[in-house]
Amino acid sequence: MQLWFTEKHTPNVDFSIKVDRQLYSGRSAFQRIDVFESKEFGRFLTLDGYMMLTEKDEFIYHEMIVHVPMAVHPSPRRILVIGAGDGGVVRELTRYDSVQHIDLVEIDEMVVTVCKEYLQQTACRFDDKRVTIHYQDGLKFVRHCEDEYDLIIVDSTDPFGPGEGLFTKEFYGNCFKALKNDGIMVNQHESPFYSVDAVAMQRAHKRIVESFPISRVYQAHIPTYPSGHWLFGFASKKYHPEKDFDAKKWNALGLATRYYNTRLHTGAFCLPNYVEELLEDVE
Amino acid sequence: MAKLSQDAAPIFEALSRFKNMRIVPFDVPGHKRGNGNPQLTRFLGQQCMAVDVNSMKPLDNLCHPVSVIKEAEQLAAEAFGARHAFFMVNGTTSAVQSMVLAACKAGDKIILPRNVHRSVINALVLCGATPVYVNPQLNQRLGIALGMPVSAVAQAIRQNPDAKAVLVNNPTYYGICSDLKTITDMAHRHGMLALVDEAHGTHLYFGENLPASAMAVGADMSAVSMHKSGGSLTQSSLLLTGDGVSADYVRQIINLTQTTSGSYLLLSSLDISRKNLALNGADTFRRVLQMADYAREEINQIGDYYAFGRELTDGDSVYDFDGTKLSVNTFELGLAGIEVYDILRDDYDIQAEFGDIGNILAYISVGDRPQDIERLVGALSEIRRRFKKDKSGMLRHEYITPLVVVAPQQAFYAQKESLLLEKSCGRVCSEFVMCYPPGIPILAPGERITAEILDYIRYAKEKGCSLTGPQDMAFTHINVLKGV
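So the protein lines, in turn, are chains A and B. If you read the first sequence in this note's numbering, its first letter stands for residue -16, the second for the next number, and so on. If you read the second sequence in this note's numbering, its first letter stands for residue 3, the second for the next number, and so on.
Source of the hints: derived by calculation from the structure; they are not laboratory data. Honestly, I wouldn't trust all of these hints.
[Unchecked claim] No more than 27 Å apart at the CA atoms, straight line, and that leaves these computed lysine-lysine pairs for BS3-like:
| id | chain 1 | residue 1 | chain 2 | residue 2 |
| --- | --- | --- | --- | --- |
| 1 | B | LYS230 | B | LYS183 |
| 2 | A | LYS39 | A | LYS(-9) |
| 3 | B | LYS390 | A | LYS160 |
| 4 | A | LYS123 | B | LYS183 |
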């Protein structure tokens, strides 16, 4: 028997993983949710047929979206996480003793329920006392916040479907308002490689540049995302991701990581020329 | 003929049958199912081009319907509670004009509010009827014209017992309704027809907890923009008639100006939309109302914005309010409605229906999703944070009571001269001037140009309103009556 999961990375490029068995399939009010088991990547979660995470490579994404801003902000205490119903971001954040409170805003409760059941590798720290889950539209939640957070992490799906509102100028503007005057926002920033993704990446960057005084982009290599070359946005009111980065202090925390380290932190902000050009085009 | 049920769609079904017959076209249109125009076919799709066809026996004829169009019109009449329904393909403008032309001829009087759409006054230019304007009440805070007070209509009827008809907006663009039932009954008691411009009221026929519709209160004719809240294609519309008029005479009037090549894309869209409204309308508009109410509540929490609603009702000039309309007053923000409208589009990729001096209107419909409402509210909140400014020097009024000197037709065709706008104060205008949208004239042919109106025009231009109507496209000059 040959059972394959296939996602179209472009109309002309397929990405396939051989599936051992399907663990879950359901439809929420927002999207279709599936969990598969595979030999190569372990369990993986897809939403509306798009790859969200695999057990084999999720550490790359979650370490990079969390530790980069955590190593820059001198005292991140109150944190807002938008999306991230799989729990990976919360897992990494709860490793820091300095964190006092985490608000997690996920639009789709069913994603959390399914991940708790089938993806305990990421959905393992929701019961931490510092975590409060809000099942709400992220755009709506953040609209009501002012001067509240040190860090906002936007772990969105793609800019079509339920995650659409998290790529808009009104959302980034509302995040600016919700942050304290030295706050940082980090977001899932799409890929620069295939043209459709690159356009979405440029649009997001343009809107963030218009909303924040400091706006940089960094990269990571995530094998199961289209092209494998993935970007994150680092937007900030005060701290620069390289100049205000305290490597010694972070290393002193003694957190064990598999992808992130403080040399890679600096290197991740060094982008290929073609990516820099794409970004400069909209700055 | 057996009685059809509302889940039938005769025009749609006839077109589907027709497609399967694979008839060789030696008739117009010349693109022949799209073969002759590959780029257009790629753009619009084969499906669409294949049913862009001409009238023929299996598909009936809009000018003289005897089969599938007749059936579809009967179903529409039944769905809307009308005696007869006409499918219109020249826009609601032509429905409004046919309604006025069917009621009045040269020299007849018609009682109407001045805050009508230009299509109504256009009809008066065409047929030569004389308007008797009932001044709508104004809401001072919002600067918008409200409905017609019953007492003012009664007075107009008393003073003009020879008038042929009373025309009512139900609702206005902003969602304001007059006491349609009382006005209709009053018109009938005095032998006048009750005509209703329901360009913004299709949903009144299907939703719950919404203001009364024209046919429900016994009005004689109503122009209904199916393409606005009804979901059909742009330019498709309905003209409904009640018991007080002869449908066959109305058809003759429609055929004076309507195309003889009625588009089957538009006709099928009317047919399918009617079916959808009849079957799912109540549920759809319940959701629309919920979204609009939710947005109103959220927008009013932002501060400075005023998304108005049912609290405006006063039993008379705001007899009722159409809760599906999301109008937001922006005055306290220090920004004109048109400025907020422009920022929404330029900065936030959100297109509102219109912005005028003091308000924006966001059109909420069957096609909206809750997450889009969040975007609108989020963007309005950001606009306040980023752009709020001092409100001194702002104009408040959308509506200025006109001084009518000459009837529209007489003024439109009179000897005229072109003057610089600044030099035109005190003269009588011979053309229309309006911000579009909403398309309600600031000046109509035959009205006195006053200093207040010129101030308004200057302000509207400065704020970025798109002013339309005058012969001079740049609108530095205005046509006025010679020697008056």
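ask   = If you draw a straight line from the CA of A:LYS39 to the CA of A:LYS(-9), is it 27 Å or shorter?
value = OK: A:LYS39 and A:LYS(-9) at ~20 Å, within 27 Å.
message = A:LYS123 and B:LYS183 were given as a pair; does the straight-line alpha-carbon distance stay at or below 27 Å?
response = This hinted pair is violated, its Cα atoms lying about 41 Å apart.
key: Agreement of B:LYS390 and A:LYS160 with the hint, judged by alpha carbon distance not exceeding 27 Å   = With a Cα-Cα distance of about 15 Å, the restraint between B:LYS390 and A:LYS160 holds, given a limit of 27 Å.
query = Can the restraint linking B:LYS230 and B:LYS183 be considered satisfied, given a maximum Cα separation of 27 Å?
reply = Within the cut-off at roughly 24 Å; holds.
Going through the hint list in order, the structure does not satisfy hint 4, though it satisfies all others.
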